[in-house]
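Colleague: So the sequence shown is numbered by our numbering: it starts at 1 and just counts up by one.
Source of the hints: derived by calculation from the structure; they are not laboratory data.
Treat the hints loosely; a few may be bogus.
[Unchecked claim] Think about it this way: if two alpha-carbon atoms lie no more than 20 Å apart in a straight line, the pair counts; the simulated DMTMM-like pairs of lysine to aspartate or glutamate are: (1) Lys-104 to Glu-85; (2) Lys-55 to Glu-24; (3) Lys-104 to Asp-88; (4) Lys-104 to Asp-147.
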Amino acid sequence: MSAWHVWTTAPMAVAPALETLFEEVFALDACPPTISSFEVVEDHIWRIEAYFDTKPDLTELVAALDAWRDETGHQAEDIQCEALEDRDWVSESQKLLSPVTAGKLFVHGSHDRENRRAFGINLQIEAGQAFGTGQHATTMGCLLMLDRLARRIDRPQAMLDLAVDRGFWQWPWGACGAKASSPAISTPLPWSPRGKTPLSTTFHGGIITMRAMGLRP
Numbered sequence: 001m002s003a004w005h006v007w008t009t010a011p012m013a014v015a016p017a018l019e020t021l022f023e024e025v026f027a028l029d030a031c032p033p034t035i036s037s038f039e040v041v042e043d044h045i046w047r048i049e050a051y052f053d054t055k056p057d058l059t060e061l062v063a064a065l066d067a068w069r070d071e072t073g074h075q076a077e078d079i080q081c082e083a084l085e086d087r088d089w090v091s092e093s094q095k096l097l098s099p100v101t102a103g104k105l106f107v108h109g110s111h112d113r114e115n116r117r118a119f120g121i122n123l124q125i126e127a128g129q130a131f132g133t134g135q136h137a138t139t140m141g142c143l144l145m146l147d148r149l150a151r152r153i154d155r156p157q158a159m160l161d162l163a164v165d166r167g168f169w170q171w172p173w174g175a176c177g178a179k180a181s182s183p184a185i186s187t188p189l190p191w192s193p194r195g196k197t198p199l200s201t202t203f204h205g206g207i208i209t210m211r212a213m214g215l216r217p
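Use the sequences and the hints to build the structure in full.
Modeller: Here you go:
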């Protein structure tokens, strides 16, 4: 187990105060937890929670919550704690995202494969820490730009995708018929030509993938 989840629930009116209480208790920790609050049911009950990298000592938090309840008279559930399964939670959350449509391009994960279109270009890419599924505004803007360029240029020739990522942009551009060259500066997380292909599609055009040594001024 690599992470721990700690939480309590309380009425919406006191959620900000409890979030502050969590922050104050763990403010001096060497690795402070990630703290948030959100509504969990429609009758204005909120969950105040914290995520830790290691199993936390909750003695001070439990005492602080008891004192807060005694002083204010407000209600809040007792502190709960659970170990989280060791999983890539960023990728798991990305799987909940819906497909992205940008002109002729349709970007989706394997969980939406049944929604592929019978026309245009379908790009299947599995979400990960180095790349999501195209939901971010900057990614969406680039997809729309590529679609627009593909419509304006009869036979696109080449594109250079120079980035610290999966070299993603070579794929939609290659799908539009260009020769896409992608010297990607690798991070520990991006897709590797030797690993599993992050997306599945059929297109004409060549892709040359290289690993650069890095950028120098």
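Colleague: Now tell me if each hint is right for this structure.
Modeller: These are the hints, each one checked on the structure:
1. Lys-104 to Glu-85: Given that 20 Å is the threshold and the Cα spacing comes to 39 Å, the pair is violated.
2. Lys-55 to Glu-24: Holds, at about 18 Å.
3. Lys-104 to Asp-88: 31 Å, violated
4. Lys-104 to Asp-147: The hint holds at about 7 Å.
The structure fails hints 1, 3 (numbered hints given earlier, in ascending order).
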